[in-house]
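Next come the chains, spelled out residue by residue.
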Amino acid sequence: MAPSALIIPAPAPPARAASAALLTDFSDRLSPILVKELRQGLRQPTFVIAFLCLQVLLCIVVVISVVSAPVGSQESLRVGETVSGFFFVLLAIAIVIVQPLRGLGALAIEIKADTLDLLLLTRLNSWRITFGKWLALVSQSALLVVAVFPYLILRYYLGGMQLFAELLALFTMFIMSASLTGIAVGFSATTSLVIRGLVALALVFSLITLPNIIRVSLMRGGRGSPFTITLSTASEISMYAAMVLLMLFLGYYFLEMGATQISPPAENRSTCKRLVGLASLGLLVWLLPDKFPTLLICWLLVVSLLTVDALSERAEFTASVLRPFRRLGPLRYLAGLFLLPGWASGLFFAGLLAGTTMALCMTSILTLATGTDKMPAFWMLWFATLLFPAAVVSWFMRKAKNLFTAYIIVLLASLIVSLVFFVIGQTTHSVKEMILLVPVCPALGLMSYREYSATQQSEILIPIAIMTCCAYWIALFVRSSGHWARIRAMDQTLAMKPPAAVVVDTTDVA
Amino acid sequence: MSAAIRVHNLHRHFGPLKAVDGISFEIPPGSVCGFIGSNGAGKTTTMRILATLDQPSAGLVEISGVDVVQEPWKVRHRVGWMPDHFNVYDHMSVLEFMDFHARALGFRGKERQHRLQEVMEFTDLMPIAERPANKLSKGMTQRLCLGRALVHDPDVLVLDEPAAGLDPKARVELKHLIRLLAAEGKTLLISSHILSELGEMCDSLIFINHGKIIHDGDAESLMRHTDVTGGIYLNVQLASNPEALGAWCQMQPNVELVEASKQGGRLRLAADDPAQAAALLARMVKDGLSVMEFHREQRNLEDAFMAMVGRPDMQPPPLPQQPETMD
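Line by line, the protein sequences give chains E and Y. Position one of the first sequence corresponds to residue -15 (the working numbering), numbered consecutively onward. Position one of the second sequence corresponds to residue 864 (the working numbering), numbered consecutively onward.
Just so you know, the hints here were simulated from the structure itself, not pulled from any lab data. These figures come from a predicted structure and were not determined experimentally. Note that the Cβ used here is the ideal one computed from N, Cα and C, for glycine as well. Check before you lean on any hint, since a few could be wrong.
Unchecked claim - Derived DEER-like restraints, expressed as beta-carbon distance ranges: (1) Asn997/Y / Phe35/E: 20 to 26 angstroms; (2) Thr30/E / Gly969/Y: 48 to 54 angstroms; (3) Leu177/E / Gly928/Y: 43 to 49 angstroms; (4) Ala473/E / Ser1059/Y: 28 to 34 angstroms; (5) Gly972/Y / Arg310/E: 36 to 42 angstroms.
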């Protein structure tokens, strides 16, 4: 007799039958978190409503089009273009707006309901959890895209369809959706409602602008727009590849940032994401060697993201994280300096990024004769702007529970203050005098960069930018010394066999 | 034989707060240990460290000889964790919930089918397999939570307040399941506020207060012995005017009304001296109390716990100054 029969008798046979069916299906080959998320996600009203609304609206549009302009008529060409516009606007709302917005709750729900602990006790690590949640949302987006195909076939018979361009637009939109979903899922690990609210606001803002961009680019031919790119030249192909790479990188990196925030201290996510970041920078240079302004913008985006993340990572990890580094022998010190988890190594990693950026900048000035000799000042001010919040958090907000949230809040505050100073300077015609405020408000230097570089102020802009950047870096370096001492202690503990009791007080670090 | 759970000089600090302050204990394999303490005593923090969900500030914690800090992945295969606060997912049935956890724990195909069948029958979840997991009663949810903790057949089970909020029937069922698990040779560490139930179920009891262990031993010896001050407990029932007992006790030296009841109450006499007890009874009669019943009573776990927690040396230490730490 089964033990449970002592308590409540009569197990229900249908449940057994259901379990047998459930356990032998195709889902056994998929990731557990993907299966769970799809089971939940496909039953959620948000998805069901979005799916049904999309189908009904597209159905109505096609029926009206066919009725108003018979297939083969001259009128049908114009109607066909309009139908395409509707397709893309409706699809964009569903997969570029609604699906990413759903991602904003992905990890936050688990954190709020205390179910994340139970997940982390299984064999799923933080990356598999985050990636699985993202993949489930992207799979649902894919389902929405696939459900549009029958209407595209109908639209083909109306004539005037740019098949390749429209399929490419669909693909681009899907990649954009995947990227935005990644960003949203990554941000969902942030418990701060303010930050998640800002991300939601940004997505809702794109609700207003994005469909218009797509509609206009499709209906007017929109030459040069990413949605009607023809990929006829090598230059266009490399630009498009760089854009796809950038979107994929952003999606990936934000997912990694989310995974880092929920990972236990015994898990190291930093090394991998920093190496991927460096590889992406290399790929960008390879794809866009002769498009320097575009390369610089992409570079700026990637480097900024890497720097912000590296400087706002929590510095709490266990001795087990050091083990793989110990296998590198003497090189472990160098690798650890840049790739260990936490903002202390992130500081050196940011320094490395600043160095490579300067090198790129000098190359552009000396070899390609692009840019100006004031560009290094701009980049220094840019890094100082990113170092400033980290310095404030490490010196004055040590008890902050979530370093990333604290960093973002300080960064936003510093940008707002700088903007206020800039506006005051503009209205009182004293922007040039305000150069003295740049060391405490580096973002002000960026905002007034054009004014400064065009006048005699440019002579003192470079030394001010260098000094500001170095001062913040040194302030952070001083603050990180305790952390490095702890890492050395952990390293020595690992060197002793068998491992003794680990005594690492990282309370305040977290 | 090595201990199933070994904790040595464990510390966990949250800033200036010492949630766990240098505790040490060992639990042998196959035994059931009760972990008792008031709210904020450090029970959940200790249990979370045992389950690898939190990191110790200092000290050594081992599960079946494996360090929870050095090798958390190995420990997770050996520990089943049942939290005090358990939430389940929306849009998911009980079976799907269990199935997800079985998948996440690495069970595949027939193996998963068999394991789920075993666990769901053991925890009596089969009749409710198709019901939405988030619409269950508290008792059923606790069974689901226990089932989830048992999926990977762990040697050690850490159950944080498993009986909290359960009705009497669900409590009896849970107790029965715990007995069955103990009979299977599992090691269980259970925290609960219902001390009498722990006394029945557990081979040993650990009392924790303000992050320090104040008792580590078996329940019987705890109840058999007089308390640390050498007092004894007396049950007194009055035929009329039971309220008078409280007022009368306040006038007497070395006597304290521990618990008032409908017809009298439980008194604690400061010394384990039959002569003093007899004298006390004589004084009661002399002072006009209508004593109907007067007998010495075995101390229960609540008394033992309160006596220990109430000791002056068990009062919370003052909070230290905020340390200037470098990170």
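Hint-by-hint comparison with the structure:
A beta carbon spacing of about 23 angstroms between Asn997/Y and Phe35/E agrees with the range 20 to 26 angstroms that was offered as a hint. Take Thr30/E and Gly969/Y: their Cβ atoms lie about 31 angstroms apart, and the range 48 to 54 angstroms is violated. Our hint of 43 to 49 angstroms for Leu177/E and Gly928/Y holds, since their Cβ atoms are close to 44 angstroms apart. Checking the proposed 28 to 34 angstroms range against Ala473/E and Ser1059/Y shows it is violated: the Cβ atoms sit about 47 angstroms from each other.
The given range of 36 to 42 angstroms is respected by Gly972/Y and Arg310/E, whose C-beta atoms sit roughly 38 angstroms from each other.
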